[in-house]
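What follows is the residue order along each chain.
2 protein chains.
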Amino acid sequence: MPVEMKLAKIIISEINENQVVFLREVDGVRQFPILIGIYEATSIDRRVKDFPRIRPLTHDLLVNTVEALGGEFDSVIISELKQQTYFAKLRIKQDGELVEVDCRPSDAIAIAVTCNPHLPIFVAEEVIDEALMPDSGQL
Amino acid sequence: MPVEMKLAKIIISEINENQVVFLREVDGVRQFPILIGIYEATSIDRRVKDFPRIRPLTHDLLVNTVEALGGEFDSVIISELKQQTYFAKLRIKQDGELVEVDCRPSDAIAIAVTCNPHLPIFVAEEVIDEALMPDSGQL
Chain A
1 MPVEMKLAKI
11 IISEINENQV
21 VFLREVDGVR
31 QFPILIGIYE
41 ATSIDRRVKD
51 FPRIRPLTHD
61 LLVNTVEALG
71 GEFDSVIISE
81 LKQQTYFAKL
91 RIKQDGELVE
101 VDCRPSDAIA
111 IAVTCNPHLP
121 IFVAEEVIDE
131 ALMPDSGQL
Chain B
1 MPVEMKLAKI
11 IISEINENQV
21 VFLREVDGVR
31 QFPILIGIYE
41 ATSIDRRVKD
51 FPRIRPLTHD
61 LLVNTVEALG
71 GEFDSVIISE
81 LKQQTYFAKL
91 RIKQDGELVE
101 VDCRPSDAIA
111 IAVTCNPHLP
121 IFVAEEVIDE
131 ALMPDSGQL
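Those sequence lines, one after another, are chains A and B.
Residue 139 is where the first sequence ends in our numbering, and the numbering goes up by one at each step.
Residue 139 is where the second sequence ends in our numbering, and the numbering goes up by one at each step.
Keep in mind that a hint or two might mislead.
[Stated by the list, open to error] Straight-line C-alpha distance at most 20 Å; calculated SDA-like pairs for lysine to any residue:
| no. | chain 1 | residue 1 | chain 2 | residue 2 |
| --- | --- | --- | --- | --- |
| 1 | A | K89 | B | R53 |
| 2 | B | K89 | A | R55 |
| 3 | B | K93 | A | Q94 |
| 4 | A | K93 | A | L69 |
By construction, these hints were calculated from the structure, which means they are not laboratory data.
The structure displayed is predicted, hence computed values, not measured ones.
Required output: the full structure, derived from the provided sequences and hints.
Right under this line is the structure:
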């Protein structure tokens with residue numbers, strides 16, 4: 001069963017190439033970090049802080065395009081952790097069907113916080129188990 | 001009538017905040033520059049050079065999502081220039097209809113070069129006229 005988690009913290013550092021987002025269980029205390037790039041971290045941060053945007057940025061464009069094609073975002077899921085790399089999926093409803101599209105967790109989280117209301121962020125139980133192992137390599 | 005143009009040059013500078021792409025007429029000699037951000041310039045550059053990508057980056061994700069929802073990219077168009085800001089649209093076919101989605105020209109060009117084969121890039125005639133005026137403010 002995937003576990004619902006929420007964006008707990010974003011740490012943006014100008015010194016490091018990788019930035020960090022923390023996901024925390026909605027109904028629990030487990031949390032883990034994901035390393036992401038500066039562009040994605042900034043994109044997520046701007047959305048969480050609701051900065052005004054004159055023209056649609058790339059994640060806005062993705063959301064607008066899905067709506068224009070008759071899709072409706074359902075949720076995002078971080079589905080796999082392989083060799084210290086997370087894999088995620090966008091889950092979109094269209095004509096009563098669930099369509100899943102592979103993506104990076106940073107895009108998944110950016111899309112989740114671009115939608116209004118924000119989308120639920122799910123994480124596969126085995127991903128949490130692996131992420132919490134001491135040798136997971138993530139921080 | 002919109003004019004078909006192609007990506008003629010990308011200039012990436014680490015000193016300047018804004019990067020430059022040049023569009024040049026396919027059947028003519030007119031060309032003009034568009035200032036874009038470093039992330040977008042890098043994204044376009046990587047696609048033109050066909051760098052391998054382990055996981056889908058944001059523009060790949062947009063293309064994959066459109067395909068998953070039964071859409072097919074037709075072209076992109078730079079449709080307007082207002083107060084030194086360009087506006088563009090993605091043009092997508094779905095169920096025989098043409099769906100247009102507003103975007104920035106940098107996303108439009110990145111999407112055009114992400115698709116295989118690349119999408120045609122159209123520019124509205126009045127945008128070219130304005131872009132070529134000496135006081136257009138673009139460079």
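- Under the criterion that the straight-line Cα-Cα distance not exceed 20 Å, is the pair K89(B), R55(A) satisfied? Holds, at about 11 Å.
- Query: Between K93(B) and Q94(A), does the CA-CA distance stay at or below 20 Å?
  - Reply: Measuring from Cα to Cα gives roughly 16 Å; hence the hint holds.
- Task: Would you check the hint for K89(A) and R53(B), treating anything up to 20 Å between C-alpha atoms as holding?
- Result: 17 Å, holds
- Item | Restraint status (C-alpha distance of K93(A) to L69(A) at most 20 Å) | It holds: about 11 Å lies between the C-alpha atoms, which stays within 20 Å.
Checked against the numbered hints listed earlier, the structure breaks none of them; every hint is satisfied.
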